[in-house]
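Visitor: These are the residues of each chain, in order.
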Amino acid sequence: MHLTPEEQALGRRNFLRAIAGVPVIAGLGAATLARGPVSGGPVRIGYIGVGGEGRVLLANTDPAYAHIVAMADINPAQLALADAALEKAKLPKAVHYAEWREMIQKESLEGVVIAVPLWAHTEVACGCLEAGLHVLCEKMMAWDVEGCERMRATARKTGKILEIGYQRNYNQVYQAAYEGIVKAGGLGDVFLARLAWHRNGNWRRHGDPPAPTYDPSKWGYPTWEHLLNWRLYKKYSRGLLAELASHQVNVTNWFFGAEPEAVIGTGGIYRFKDGREVDDHVYATFEYPGGRSAVFSTIESNAFERNYEVFYGTKATLLLQGESEAYLFEEGEPGAPASAAARPTGIDVQPKGSGPALSASESRAADAAGRPAVGGATGTGTPAERLSAYRAEVSGFCSAVRVGTPLRCGPDRAIGSAVACITAVDAVAQKARLPIRSSAASAS
Amino acid sequence: MTGPSRWQGVALVVLRTLIGWHFLYEGYYKLALPAWSPAGAPLGAWSAAGYLRASSGPFAPLFHALAGSGAARWIDVAIPIALVVVGLSLVLGLFTTRGCQGAALLLALFYLAAIPLDGVPHPGAEGTYLIVNKTLVELAAVLVVLASGTGAIAGLDLWRQRTVAQRKVNA
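Protein chains in written order, with our numbering: chain A, 2 to 445; chain B, 24 to 194.
Since the hints were derived computationally from the structure, they do not count as laboratory data. Treat the hints loosely; a few may be bogus.
Calculated cross-link-like contacts (lysine to any residue; reagent style SDA-like; alpha-carbon spacing at most 20 Å) [unchecked claim]:
| # | chain 1 | residue 1 | chain 2 | residue 2 |
| --- | --- | --- | --- | --- |
| 1 | B | Lys157 | B | Ala77 |
| 2 | B | Lys157 | B | Ala127 |
| 3 | A | Lys432 | A | Lys184 |
| 4 | B | Lys53 | B | Val107 |
| 5 | A | Lys89 | A | Ala78 |
| 6 | B | Lys157 | B | Leu41 |
| 7 | A | Lys236 | A | Asp216 |
| 8 | A | Lys235 | A | Pro223 |
| 9 | A | Lys184 | A | Thr318 |
| 10 | B | Lys157 | B | Leu169 |
| 11 | B | Lys53 | A | Pro43 |
| 12 | B | Lys157 | B | His45 |
| 13 | A | Lys158 | A | Val146 |
| 14 | B | Lys53 | A | Ala35 |
| 15 | B | Lys53 | B | Val100 |
| 16 | B | Lys53 | A | Val39 |
| 17 | B | Lys53 | A | Pro38 |
| 18 | B | Lys53 | A | Ser218 |
| 19 | A | Lys107 | A | Pro77 |
| 20 | A | Lys161 | A | Val404 |
| 21 | A | Lys94 | A | Ser109 |
| 22 | A | Lys236 | A | Ser218 |
| 23 | A | Lys91 | B | Gly67 |
| 24 | A | Lys161 | B | Gly67 |
| 25 | B | Lys53 | A | Lys158 |
| 26 | B | Lys53 | A | Ser40 |
| 27 | B | Lys53 | A | Ala65 |
| 28 | A | Lys432 | A | Ser298 |
| 29 | B | Lys53 | A | Gly42 |
| 30 | B | Lys53 | A | Arg36 |
| 31 | A | Lys316 | A | Glu332 |
| 32 | A | Lys91 | A | Ala81 |
| 33 | B | Lys53 | A | Pro77 |
| 34 | A | Lys235 | A | Ser218 |
| 35 | A | Lys94 | A | Gln79 |
Calculated Cβ distances over 12 Å to all of chain B for the following chain A residues [as the list claims (entries may be wrong)]:
| # | residue |
| --- | --- |
| 36 | Ala81 |
| 37 | Trp120 |
| 38 | Arg157 |
| 39 | Gly189 |
| 40 | Pro211 |
Positions of the beta carbon are idealized from the N, C-alpha and C atoms, including for glycine.
Could you build the full structure based on these sequences and the hints that come with them?
Guide: Right, here's the structure in full:
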């Protein structure tokens, strides 16, 4: 969302004032009974799928929390890139596998991080859970509702941890916004959330197979193109609703404390008629209980406003932009004169008492341990807050494995946005209003 | 001269038990590492090297040399085991005199490694000390326990002495 420098300064000041002193790590619960340490070293994990997303998680794995024993990927070129990512992150080398089943059979693992194409989430996650491993699975939870429910049921049956990787749940900006503003009633009554993810690109990837004779058909991809651009094919992907909207619907469910009951959708392949099967323009309105709505749009023809979530309340408006910037505007507040240089706002986290707490200053975020992060550019073009959230996500998963700390996005939270977005895919295809079945329906 | 009164005896045994628990848990914790805090933060393996390197006072050069020597890894093993053995001795009241002597020796070493001579607070350490710190106070408390012969008041030393005496009678 475009803001003038004056509006940025005002919104930034308001946000920081509202969240000042809010503990970042809320709800983890300090020990109330005397407990000693839990013996054990870093959690032994394997990575399944080390494409772009898998490598982001790989490079943000804190060696104090996790020891990456092995990694599996059907594409050897991805494994070579993963080696380079490990080296760059100064992490030890890991054993390579093409088949994830062979990896979990041969290696002594405690958990896995899964970042494979969406259609394979259920098979891989359930296979690992059944093998006695804890699972951190990339979003969206699964390709279909039945897959989501099977994953949740398998996690319950095996008693193993299943965390779904919506990194906003670990992002300190979002945690502070929820704890300090939304939960505290700072927005008043919110009837509308605006969710946007606008880009100007065709989402198609280009690249050569790892070898001229490389044949991915035994893994279900008839050609190299199907594997390379799996996001563009309906068999493997749910398109922009799964890859983008599910993040924002997940946040909306969190902030609204509810799941949508129905969705109205429209969209289509309007720009890139290149043989892809998923839409390049998608619009969906999610209807929540209490007359609340979340209006989502994603376009692949203009990146003017990038991605953001806005919550419009009777008292104030909260804007979260690009997973790193946060602004708060009180209703009817007169615009302030320009008073600050335009720069992204982060959150300064310093240890206070038993845990890190937020303080109002315009500096950058800290990592999961409360250590101040290097301010400004990350060298990757990715905001520090986002990388910090990835790091906190993997570390949080390891803490849950080792000492049972609460999950930030376990199956019960993740399934809500998955069911909503899967239903929205159908609504867009039918250009219709469809009811969304409750994710709690099969919870028992 | 008569022995300690009932309440003096109870107080001395309580003091011995508390000191013993302090030693026992310090040793157990070091042996348990690497581990994780209840809040989910990883805790690395324990080493005396950092403590030795941070040594101050007149004996600092000796402790600094130990930190860089081949003995450092033996110290990392010996200290936690010694803490556990001494702790068990004092908690159980078994070989209490030897336990108190061991406790006094360890505390003397810890004190000599970091005698507070500057009288100002230091980051990461609570309180402000000049010459007398809590280590020295605990050493004095151990000497009181040692001098009081608490093994003869309560603890497994009583059972051990009875067993030995019985064997002598039977022999």
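Visitor: Confirm or reject each hint.
Guide: Hints, verified against the model:
For the proposed pair Lys157/B and Ala77/B, the alpha carbon gap of about 18 Å is at most 20 Å, so the pair holds. Distance hint between Lys157/B and Ala127/B is fulfilled; the C-alpha atoms sit about 13 Å from each other, no more than 20 Å. Distance hint between Lys432/A and Lys184/A is unfulfilled; the C-alpha atoms sit about 35 Å from each other, more than 20 Å. In summary, the hint linking Lys53/B to Val107/B is supported, as the alpha carbons are separated by about 10 Å, within the 20 Å threshold.
As the CA atoms of Lys89/A and Ala78/A are separated by approximately 17 Å, the hinted pair is consistent with the 20 Å bound. Proposed proximity of Lys157/B and Leu41/B is supported: the alpha carbons are some 14 Å apart, at most 20 Å. Distance restraint check for Lys236/A and Asp216/A: the Cα-Cα separation of roughly 18 Å lies within the 20 Å cut-off, and the hinted pair is therefore satisfied. Under the criterion of a C-alpha separation no larger than 20 Å, the hint pairing Lys235/A with Pro223/A is consistent with the structure, at around 14 Å.
Annotation: proposed proximity of Lys184/A to Thr318/A holds, straight-line Cα distance about 14 Å (limit 20 Å). A hinted pair counts as satisfied when its Cα atoms are at most 20 Å apart, and Lys157/B with Leu169/B qualifies at roughly 18 Å. About 17 Å separates the Cα atoms of Lys53/B and Pro43/A, which keeps this hinted pair within 20 Å; it holds. A distance of roughly 12 Å separates the Cα atoms of Lys157/B and His45/B; the hinted pair therefore holds under the 20 Å criterion.
Annotation: proposed proximity of Lys158/A to Val146/A holds, straight-line Cα distance about 18 Å (limit 20 Å). Between Lys53/B and Ala35/A the alpha-carbon distance is near 18 Å, which keeps this suggested pair within the 20 Å criterion. For the proposed pair Lys53/B and Val100/B, the alpha carbon gap of about 9 Å is at most 20 Å, so the pair holds. A distance of roughly 12 Å separates the Cα atoms of Lys53/B and Val39/A; the hinted pair therefore holds under the 20 Å criterion.
Distance restraint check for Lys53/B and Pro38/A: the Cα-Cα separation of roughly 10 Å lies within the 20 Å cut-off, and the hinted pair is therefore satisfied. Distance check on the hinted pair: Lys53/B and Ser218/A sit about 53 Å apart at the alpha-carbon level, beyond 20 Å; violated. In summary, the hint linking Lys107/A to Pro77/A is supported, as the alpha carbons are separated by about 19 Å, within the 20 Å threshold. Simply put, Lys161/A and Val404/A have alpha-carbon atoms about 13 Å apart, close enough for the 20 Å limit, and the pair holds.
Of the pairs offered as hints, the one joining Lys94/A and Ser109/A holds, with about 16 Å between alpha carbons and a cut-off of 20 Å not exceeded. Using a Cα cut-off of 20 Å, the hinted pair Lys236/A and Ser218/A holds, with the two alpha carbons roughly 14 Å apart. With a CA separation close to 18 Å, the supplied pair Lys91/A and Gly67/B stays within the 20 Å bound. Distance restraint check for Lys161/A and Gly67/B: the Cα-Cα separation of roughly 25 Å exceeds the 20 Å cut-off, and the hinted pair is therefore not satisfied.
With a CA separation close to 36 Å, the supplied pair Lys53/B and Lys158/A exceeds the 20 Å bound. Distance check on the hinted pair: Lys53/B and Ser40/A sit about 11 Å apart at the alpha-carbon level, within 20 Å; holds. Distance hint between Lys53/B and Ala65/A is fulfilled; the C-alpha atoms sit about 17 Å from each other, no more than 20 Å. A hinted pair counts as satisfied when its Cα atoms are at most 20 Å apart, and Lys432/A with Ser298/A qualifies at roughly 14 Å.
A C-alpha spacing of about 14 Å is found between Lys53/B and Gly42/A, which places the hinted pair at or below 20 Å, so the restraint holds. A threshold of 20 Å between alpha carbons decides the hint, and for Lys53/B with Arg36/A the separation of about 15 Å falls inside it, so the pair holds. For the hint pairing Lys316/A with Glu332/A, the CA-to-CA distance comes to about 5 Å; that is within 20 Å, so the pair holds. Among the hinted pairs, Lys91/A with Ala81/A is consistent with the structure: their alpha-carbon atoms are about 15 Å apart, no more than 20 Å.
Under the criterion of a C-alpha separation no larger than 20 Å, the hint pairing Lys53/B with Pro77/A is inconsistent with the structure, at around 43 Å. Restraint check: the Cα-Cα separation between Lys235/A and Ser218/A comes to about 17 Å, which is no more than 20 Å; the hinted pair holds. Restraint check for Lys94/A and Gln79/A: satisfied, since their Cα atoms lie roughly 14 Å apart, inside the 20 Å limit. Ala81/A, annotated as away from the interface, keeps every beta carbon of chain B farther than 12 Å; the closest lies near 30 Å.
Non-interface call for Trp120/A relative to chain B: holds, since the shortest CB-CB distance, roughly 33 Å, exceeds 12 Å. At roughly 22 Å, the least C-beta separation between Arg157/A and chain B is larger than 12 Å, which holds for a residue marked as non-interface. The non-interface label for Gly189/A is consistent with chain B: the shortest C-beta to C-beta separation is roughly 34 Å, beyond 12 Å. With 12 Å as the threshold on Cβ separation, the claim that Pro211/A sits away from chain B holds: the shortest Cβ distance comes to roughly 36 Å.
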